[in-house]
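Number of protein chains: 2
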Amino acid sequence: MTQTGDPGSGAGVALGVDVGGTKVFGVALDPDNEILAEVRVPTPVPTPGASSGRSVAIAVAEVVARLEATLDRALRAAHAPIGVGVPGMMDRDGRLRFSPNLPQGHGVDWRVLLSEQLAGREILIENDANLAALAEHELGAAQGYDQVLMATLGTGIGGGVIVDGRVVVGGSGFAGEIGHMVVDPAGPPCPCGRRGCWERYASGGGLGLAAREAALAGQLGDVVAAAGGDPERVRGEDVSAAALAGDAGAAAVVEQVGWWVGFGLANLVGVLDPECIVLGGGLLAAASLWLDAARNSFSALVEGGSNRALAPIVAAHFGEGAGAVGAALAARRGAIW
Amino acid sequence: MTQTGDPGSGAGVALGVDVGGTKVFGVALDPDNEILAEVRVPTPVPTPGASSGRSVAIAVAEVVARLEATLDRALRAAHAPIGVGVPGMMDRDGRLRFSPNLPQGHGVDWRVLLSEQLAGREILIENDANLAALAEHELGAAQGYDQVLMATLGTGIGGGVIVDGRVVVGGSGFAGEIGHMVVDPAGPPCPCGRRGCWERYASGGGLGLAAREAALAGQLGDVVAAAGGDPERVRGEDVSAAALAGDAGAAAVVEQVGWWVGFGLANLVGVLDPECIVLGGGLLAAASLWLDAARNSFSALVEGGSNRALAPIVAAHFGEGAGAVGAALAARRGAIW
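Chains A and B are the protein sequences, given in the same order.
Using our numbering, you'd call the opening residue of the first sequence number 1 and step up by one each time.
Using our numbering, you'd call the opening residue of the second sequence number 1 and step up by one each time.
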């Protein structure tokens with residue numbers, strides 16, 4: 001987390017922007033934390049060999065400009081504080097130390113890049129899932145709970161941990177990197193460089209991987225045909241759509257992803273014992289297909305499951321927007337706490 | 001955590017007792033937190049079919065009596081507060097909800113049982129590894145760090161997590177059950193009922209398992225011969241002793257356990273990002289054989305390892321006594337905080 005520029009009007013409008021692997025999503029929050037406006041643009045694709053992240057910073061500035069264009073002149077003149085969420089290991093100085101799912105951001109000093117694009121503005125930079133946890137705790141599905149685990153199931157898996165009502169950032173700001181908990185040392189390779197990370201099984205990316213495996217194994221004939229006959233071109237969304245339309249093989253693939261979601265949550269509950277688990281991210285769009293499977297594997301696998309109160313597993317109130325809402329909240333107060 | 005009985009003299013002597021899978025170990029701390037006395041007795045073996053835990057409570061009372069016998073009359077009369085650490089999922093009312101490595105304690109209401117044996121005394125009951133973390137943070141190897149992970153590598157693996165200087169207990173008191181993080185869903189069965197828990201690989205019990213596997217695979221000829229020729233009778237201690245004496249096959253088995261220690265710590269550091277990792281428990285007695293291997297696998301496997309400061313991995317200052325020291329500290333203040 002870091003701040004630059006002049007303080008804005010803390011009690012006024014706040015802007016939050018969440019940089020994801022596929023889209024940059026922004027919200028404007030009014031002083032009562034109602035969402036005034038939403039804007040989304042595609043995340044610029046990485047340039048081979050380059051890791052400047054400048055194109056991403058330009059996209060963030062575009063989202064900010066489009067959000068502000070929706071505000072009336074007085075609010076625009078007040079220079080709303082801006083929060084920006086980025087996936088991966090964000091240090092306390094605004095440098096993204098490691099980001100398997102945003103390779104164009106690797107090593108980038110976001111404080112510098114964003115200051116170039118948004119000169120003079122107050123900018124707070126944080127890990128995206130930490131911000132999502134903040135939003136759900138303050139305003140969303142985890143209100144009233146002081147011990148919370150948030151998992152954002154998107155391209156990868158992000159995590160936010162709340163202990164005693166505060167987001168845990170850890171010694172260097174890197175806490176909550178739950179997606180890279182290895183759950184099988186012999187599992188599939190992960191962009192992080194290791195094998196068998198939880199996010200290879202239980203994210204949107206994991207669904208795509210499982211879909212292609214099932215397609216190559218000949219279990220998704222109709223889905224493969226619809227994708228043009230090439231099993232390698234089957235995407236997670238294709239399998240979700242087929243499952244929704246009643247394809248049993250596709251439904252089995254999505255439920256297996258749900259099993260892995262519950263499996264990883266059981267591991268994390270053993271470590272953290274939260275009172276509430278909130279799930280966000282793009283995979284939630286297909287939650288009707290896998291959330292029951294996740295709850296079932298969670299309750300079967302969590303240590304001492306029959307001798308403890310099971311934390312409820314709920315969908316993020318803000319859905320895919322949780323990170324952006326949390327970014328705006330944190331920007332307004334000048335910190336994630 | 002729970003308390004019963006009359007408050008003792010908070011500023012005087014405090015007693016701490018750690019109930020382990022193999023021994024019950026107690027310490028008396030003077031007002032300056034110096035250890036006045038230590039007592040250990042074997043943990044009573046479980047009676048088949050019974051889970052009363054009364055025999056364990058009697059052993060705790062015996063340890064308390066023997067500790068007090070070392071005190072002079074005035075201190076004895078002051079009724080030192082007593083802290084008791086127990087492995088497993090201890091709820092906030094003193095009931096042990098689940099304890100794979102203390103089956104004789106499963107479901108036991110320790111508040112009732114200990115009050116029977118130590119009538120009228122102030123007793124605080126907590127998870128043993130949470131208490132060990134407290135001791136190392138306040139007085140031991142983790143002094144000066146506010147974000148700490150403690151792992152006790154004994155019969156199983158216990159965990160204590162410190163965030164912002166406080167022990168994390170979670171919503172129900174069950175936080176820190178790191179040993180049952182599943183690291184391979186197809187791994188060996190665990191007493192907790194699942195497969196592939198981290199403690200099956202990286203604890204004293206895990207060393208025994210690895211030793212017998214290697215012995216059955218014919219890799220530990222001399223060790224098997226020394227154990228009477230039966231590979232099933234090879235114990236972890238036999239392999240450690242052989243490795244210390246220069247047996248390369250035995251050394252490889254112990255180093256493999258070290259690899260798993262580092263592997264699991266890497267997973268947990270991703271979640272928690274501690275500034276310091278403290279290792280305790282009986283496996284530390286052989287640390288010279290495996291600690292380097294653990295540090296190596298940790299630094300190779302932790303996410304973004306080359307882009308972050310690596311938390312130091314250090315041995316508990318109080319060794320196997322950390323839980324008992326923490327129990328005494330918590331008893332004196334009346335809470336783990």
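In short, the hints are calculated from the structure, not lab data.
Given the structure is predicted, the values throughout are model-derived calculations rather than measurements.
Be a bit skeptical, because a hint or two may be false.
[What the hints assert, rightly or not] Pairwise CB distance ranges, derived in the manner of DEER restraints: (1) Arg195/A / Arg92/B: 51 to 59 Å; (2) Arg76/B / Arg195/A: 52 to 60 Å; (3) Glu232/A / Pro188/B: 33 to 41 Å; (4) Arg195/A / Glu34/B: 15 to 23 Å; (5) Arg233/A / Pro188/B: 55 to 63 Å.
[Unchecked claim] Some chain B residues flagged as far from chain A (calculated, every beta-carbon gap over 12 Å): (6) Val169; (7) Gly170; (8) Asp222; (9) Val269.
The beta-carbon is built from N, C-alpha and C at its ideal position, and this holds for glycine as well.
Structure-based check of each hint:
Against the hinted window of 51 to 59 Å, the Cβ-Cβ separation of Arg195/A and Arg92/B comes to about 39 Å, which falls outside the hint. For the pair Arg76/B and Arg195/A, the beta carbons lie near 58 Å from each other, so the given range of 52 to 60 Å is met. Taking the beta carbon of each, Glu232/A and Pro188/B are about 36 Å apart, inside 33 to 41 Å as hinted. Roughly 48 Å separates the CB atoms of Arg195/A and Glu34/B, a value that falls outside the hinted 15 to 23 Å.
A beta carbon spacing of about 39 Å between Arg233/A and Pro188/B contradicts the range 55 to 63 Å that was offered as a hint. The non-interface label for Val169/B is inconsistent with chain A: the shortest C-beta to C-beta separation is roughly 7 Å, within 12 Å. Residue placement check: Gly170/B does not keep its beta carbon more than 12 Å from all beta carbons of chain A (closest about 2 Å). At the 12 Å boundary, the C-beta of Asp222/B stays outside the reach of chain A, the nearest C-beta of that chain being 29 Å off.
Distance check for Val269/B against chain A: the nearest CB is about 8 Å away, which does not clear 12 Å, and the non-interface claim fails.
Hints 1, 4, 5, 6, 7, 9, counting from the list given before, are not met by this structure.
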